[in-house]
Amino acid sequence: MSARSTSVPGLGMLRETGKLFALGLDIGRGIFQRPFQLREFIQQAWFIASVTIMPTALVAIPFGAVISLQFGSLASQLGAESYTGAGSVLATVQQAAPLVTALLVAGAGGSAICADIGARTIREEIDAMEVLGVSAVQRLVVPRVLACMLIAVLLNGMVSVIGVLGGYFFNVVLQGGTPGAYLASFSALAQLPDLWVGELKALIFGFLAAVVAAYRGLNPPPGPKGVGDAVNQSVVITFLLLFVVNTVMTLIYLQLVPPKLG
Amino acid sequence: MAVGTSGEVRAVGRARRHGGAPAAAVEPLREGAMGAEVVIEGLTKSFGKQAIWRDVTLNLPPGEVSVMLGPSGTGKSVFLKSMIGLLKPDKGRCEINGIDVVTCSERKLYDTRKLFGVLFQDGALFGSMNLYDNVAFPLREHTKKSETEVRRIVLEKLELTGLSGSEDKLPGEISGGMRKRAGLARALVLDPEIILCDEPDSGLDPVRTAYLSQLLIDLNAQIDATILIVTHNINLARTVPDNIGMLFRKELIMFGPREVLLTSDEPVVEQFLNGRRLGPIGMSEEKDSAQMALEQEQADAGHHDGSTEDVRGIVPQLQPTPGLPERQGAVRRKGRVAGVLHTLPEPAREGIIASLTPEERRYYGIPEPAVTAGSRMPAHHGDLDAGDVAELPSSPAWPGDEQSAPTRPLRRRRGGS
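Residue numbers (this note's numbering), protein chains in the order written: chain W, 1 to 262; chain H, 1001 to 1417.
Hints listed in this document are in silico derivations from the structure and should not be mistaken for laboratory results.
Do not rely on the hints blindly, as some may be mistaken.
Unchecked claim - Some chain H residues near chain W, calculated using beta-carbon distances under 10 Å:
1) Leu1115
2) Ala1124
3) Phe1126
4) His1142
5) Ser1146
Since the model is a prediction, treat every value here as computed from it, not as a measurement.
Note that the Cβ used here is the ideal one computed from N, Cα and C, for glycine as well.
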């Protein structure tokens, strides 16, 4: 805590990043500490599900449709109509579903978590809890992070299904695709590891969104306006992180898992 | 003065460690849980470049009530938070029962915190729980008590703080004073060894503040907890504590027996106790000499300086409600203070001697007090009988027993004014 260190540009950012990681590690440790806050976990999971299901479903339909329409038109120009279904399933399951999930978990669930914890912090509730000998990370943050991860995985499954159905509907009804060909080509390119990696991404995105939200919530700038700023920052930081992590994971996946047609 | 006082603080600390026996001989100590001892040495805290306070050294003797005074913005709340490990001080030690909360492991810190009951400024209740669940929270987290037992304890604490019937209310639905009392009920529910109160009087009317003061003293008599109150309520500071400290100009300028600060000639203390504008404390923390000279000039010309009358001097200390056991902390304090009496400034010494009974004076080998007709700092007499100056009863003070009590307080200081 010296004045000299803050004068070096970029060091503040490094420190924040370090603290974020430290909180992530604390949470990782807290997951295995007993007693597990089952009640809080269920309440939070229910809450996050209730604020994300509707918007996710509504976003998933046009998302699947856009991918399907785009891919359908591209495929028909190349004379590869029979692969329309295959392409859109692959894109939906591997990329679109985890990202849509992550954006909504971060935007709806994460912002709610950040606002909740931030309000508790400025009202000294977190301090009071710590003083009562109860770890706020273990009592409040861990159940929220786990709830976020669970809901992200479940939402990912939902987005996959709705996205594929939406794609099917738009391709068949609007582009005059053949239903049978669309369904038959599902397994032409897509394989089971695609689904696994999609779920794994959702799991990690859920974790990141909740950790960032909790971190900003536990360290808000002072005052009620600070909480608003913290929520804003947490969503922006999460989005940035998610896209970077998504890129890295996609690269690793493409290196590790051989494509089906190869 | 400041230097002398910090030396005196250490002397008090030493005497306490070696001098527990005399008190025990006069008044056999009740066996059982005693409040925790807090030893703070060289504690320093700054936020970035801005130092909050430096080198704070003090010792909260077990079971005694202490008050920390200081103008707004001198870091009193930061001091409390550093004591419980919510903020990390830059330097120094803060030992609670021998465990240094500045450097100890997280697990030990959480264990140590269970000894604390902390009353935050706004109560810091959990907004999503009603009062009952708020007060029950520590019990449910830390004990395996059955729900009926939890209910019994919670209702008892709520009644103690005058909140019976409000169990189902949410913190958002009640007044600030009620939130504060509910916060106190929650702080008390685990029978803490140390109670920290951050401005217990802010947002309370004078009557409720008096009740709260009495409640704290009664609690101290019942569970012998060490209590530290951070406040700038002068009335509370004069009547409640055994020890008073004052933070000013980033330093602990004084900490010691209440008599020392209440009779102090230190300009800061005098100004603060009397609430006047003349003196070293300014609107922002400090005043420059030009401003000081100007104000002195105006005062000399007859401009009112904001104070009413000199309230310094020793007033009777608040005693537990009749029927409650004697405060063990007060008993131990007598022995502790008697051991360092010769190091204290004159007016404080006179006040303490006058507060002892003849038997106690004989026991500690203290000469009978001289008649202090020319005392520089007479006690300020209100309607209260100043005869029981800082009286510490040696037996449970039943109202009816007073006639036959063997230890009548001396009434020498009455001639002081």
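Hints and how they fare:
1. A hinted interface residue such as Leu1115 (chain H) counts as satisfied when its beta carbon comes closer than 10 Å to some beta carbon of chain W; here the least separation is about 9 Å, so the hint holds.
2. The interface hint given for Ala1124 (chain H) holds, since its Cβ lies 4 Å from the closest Cβ of chain W, which is under the 10 Å cut-off.
3. This hint holds: Phe1126 (chain H) has a C-beta 6 Å from the nearest C-beta of chain W, less than the 10 Å allowed.
4. A distance limit of 10 Å between C-beta atoms decides the matter here; for His1142 (chain H) the minimum to chain W is near 6 Å, and the interface restraint holds.
5. At its closest, the beta carbon of Ser1146 (chain H) sits 17 Å from a beta carbon of chain W; the interface hint therefore is violated under the 10 Å criterion.
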